[in-house]
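> Take each chain as given, in its own frame, and dock them per the hints.
Protein chains in written order, with the numbering used here: chain A, 1 to 514; chain B, 1001 to 1048.
Wrong hints could be hidden among the right ones.
Unchecked claim - Which stretches of chain A does chain B cover? Using the computed rule of at least three CB atoms under 8 angstroms from a CB of chain B, they are: (1) 104-111; (2) 315-328; (3) 347-359; (4) 487-495.
Said to hold, decoys possible - To spell it out: a stretch of chain B is covered by chain A in this simulated footprint if at least three of its residues, at any positions, have a beta carbon under 8 angstroms from a beta carbon of chain A; those stretches are: (5) 1002-1012; (6) 1015-1026; (7) 1030-1040.
Bear in mind the hints are in silico, worked out from the structure with no lab data behind them. Ideal placement from N, C-alpha and C gives every residue a C-beta, glycine not left out.
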Amino acid sequence: MAPREGALRGLDRALPVWIGATLALLVLMGLPLGWLGWMSVSGESGYTLARYRTVFGDPALQKALWNTVVLSFWVGVTSVALGAPLAWLTARTDVPGRGLIRGLVLASFVTPPFLGAFAWVMLAGPNAGYLNRLWRAASGAQAPLVNIFTMPGLIFVVTIYTFPYVYIMVANTLALIASDVEEAGAILGAGRLSVALTITFPMVLPALVSGFILSVLQALALFGSPAILALPAGFHTITTQIWSLFQFPPKVEMAAAFSVPLLLATIVLLWLQKRVLGRRGYAAVGGKGGRRRVIPLGPWRYPALGACLVVMAGAIFLPYGILAKAAFSKAWAQPLTWDNLTLANFTFTFFQYSATRDAVVNTLELGLLTATVGAGLVALLAYIASRRLVFGYQVVAFLALVPVVIPGVVLAVALFIAYTRPPFVLYGTLWILFIAYLTKEMPVGYAQSDATFRGIPPDLEDAGRILGAGRLRVLSDITGPLARSGVIAAWCFIFIGVIRELSASIICSPPTPR
Amino acid sequence: MSVVLFDLKEEGQFGAIAVLGLLMLALTFVTVTLVQAVLGRDVLGARD
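This is chain B alone, in the form it adopts within the complex (with noise of 0.2 angstroms):
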């Protein structure tokens, strides 16, 4: 996906952007929710 997000920048196509980086967003936010779940704590403390 990071690959064709350069693509698209290449093309100024900036809507398709957008919309792959809100999916980007979505799934990374979906799994940081998930492992919050799992792990019982935040992943900043989790981190460190």
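With the rest of the complex left out, here is chain A (with noise of 0.2 angstroms):
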């Protein structure tokens, strides 16, 4: 007995654990990925490439092709041309209100794009649009001001909710840069514009390119919006298409084939980006110490803020504002009066609607287990990752990062094959979308949850195992009180995002019977 157990004492008790979370890690992103694969290039004899020959062989799916790129491209176009000149105002000069815009920019950020879509129908819709309306009124026109239901109007709306990518890049890269710099080359006799374009332009480059990547990656993977405003135009995207293969009679194979493609796509916009700030990340560098001058606008400080304020009526007064209206009116179309104001659209949805209040319930049950469960296996996962508690522990980190890279759509199709057959058969149950809002919140979770590891120093747990705990303990008794506010930043990140989510749920909820 004595040399047994000798040797089990040199064995980490908490092995097991660290094993666990690794497997469950391996399963739930092999799985849908491992099948994905599979499904698309199976045949009745063998491997076969007939179905990616079929995608991109049929006109239809050419052009739900086409219309992504338009999309895409315009999105990444206009959300730089939005975005940029907010963040440089905000950061950089003395226009009024820099708090309330930034807050504003949030709020677009946060607002789930689909939500924006609705309400963009409620607004722009070309018979009973509010806008609209109030035109015909106001000039007696016959024909809408605008009209949200084409590809102007797609563009538009996925552009208010992309742009804060752009924002947030180019205004925290400008907090980066010293003033002295510029100031440098202004002394050495170059005038304002000079400086801008050779000196500030230059090193915000990086910052702009990666965020227009990120627009055009966000554009290329939304399904909400397109099946809100394009499908009623009568025009696809690569997402709404795949989706429409999962309309009875359903093709998941041949969604399995559209997916892949998207998901290179993706890969390899992402890795552009990542060599883009790679490359050229030394103005993160330049002048984090340096002082950062205010720019004064004299007289173009209010019509700056005024343009600023533009952007954000699109982005949240408008959509925010037609949200509340219809909420308490009787009829959303018209005018808010007092016999229009009503909470029968209250009482309807938590009353009357037993869908509704079941979706209530189902979303909050879900965000709560998702989150709480979510949110311990990435601080697992991360102090894996960040200690080298297991052999491959780089393999920890990247797989916990790849639902990163799949688009919202085609992760659904992935987990909608891999667990409608043996051996997980969970379509119909709630379970699916708890494995799914797991596999696909498990990135912005474990970053955050990684980024509090790595900001806690080991020191302190070595103490702690010299005095003779053992890593558990450890983990609950010293590093886990550090890492709180961390891991409830995780949790919270992770309940927003299954709140929020569209496609997957989508994709895996049985039809809601009604």
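Next up, the structure:
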């Protein structure tokens, strides 16, 4: 007995916990992606590329592909055109209400884009849209002022919820560039425009390119807004085309084949973004410690504020306003008068329409469960990777972040395929949504937890271990309390992701009974 | 909730869509406020 006990004492008793968490991660990521790849090439007699030939040979699918390219490109361009000036105004100038503008951009960032699309249907639908009714009443014209059910309409709605990505990248880069560099240029005789073009612009260029690529990626992967605006207009994007392949009779194999190119395009774009940031990251290093001079706008202060508020009207004021109006109105398209005020929509939604009540309960249950299990799992995984506790810890970090490069619809297709057949038949239960959300929201929670554990020096843990505590005791008594705020933040990020999730919910949920 | 929002759209129930949408926004903003309080910085800075 004695030699065996001695051998066991040498083993880390926490090892089963690390291995269990790593295996859970391997199953969560490997199963859906493995099935997706297999389904796209599996035929009756082995491998086949026939489905890929069909995908790229079908004119309707080619058209969807082209529409996606047009949408993504223009969303990228317009997001840069809106996000970059806004970032410069709030980060570098004395425009009034900088905190307010930043808060409104944050509101736009966290607004589910499909909710904005619903609001813009109420605002700019060609017939009943509120703005078009006002226009007709004011001008006497018959034709609508704007029609949101068009490609430009779709580009507009996607842009107003995508430009915050450019804003974040540019504003945070500008915050790192000290004004000394620009002032040195000015002292050497360069004019304002010359300084802007030859010093400031090259330094924010990587952030601009990176923001452009991120915006393109967002538009490429978006499902909700195209489903609400493009389908009634009679055109498809890749994501709506993939979703339509799930309509009866479902063509799951074709959906898989259509998903793989989208996945590859996303990977290439993210790789490109990383290269752009990696190569030209000097902007972030250049002047962190330096002083940042506020540029006075003079008489342009209030016009600049007006321009910012116009952008935010499209993203926040008008959409939120019409949602509030519709919630409290008998007829949302009519003016808000005392006669038109009602609470009936709340009564209907929460007490009469049974699907809604169940949906709210399911969403909250799934949100709480996924966030709690997810925050625990990502905390364990981040701890394993940051402390190098298992062989191949780099793979743990890689796998936990893999869903970042997978568009929501593609991941939903993969999850549907994986969990509608043995060994895990979960379709028709809430568990498929739980697994889907856990998989999809893992990167955001993992990134937060990873940053947290990397910020905690391992010295304290070493001290605890020298005093005889095991890894698990050290984790619960020393590292855990220090990481608490980071874990709570990861919980919140996962919870937000679950309550606004769309593509996996639509594809993995059975039809709603009414 | 997002699935029911789509079903409600098919039925033209924009009043109910607005109510559910506002609930979704309220939940989101309460959680974002919690994150910011916990982290001590805004989410835009945390997400870059």
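> For each hint given before, does the structure comply? Return the numbers of the non-compliant ones in rising order.
The structure breaks none of the hints.
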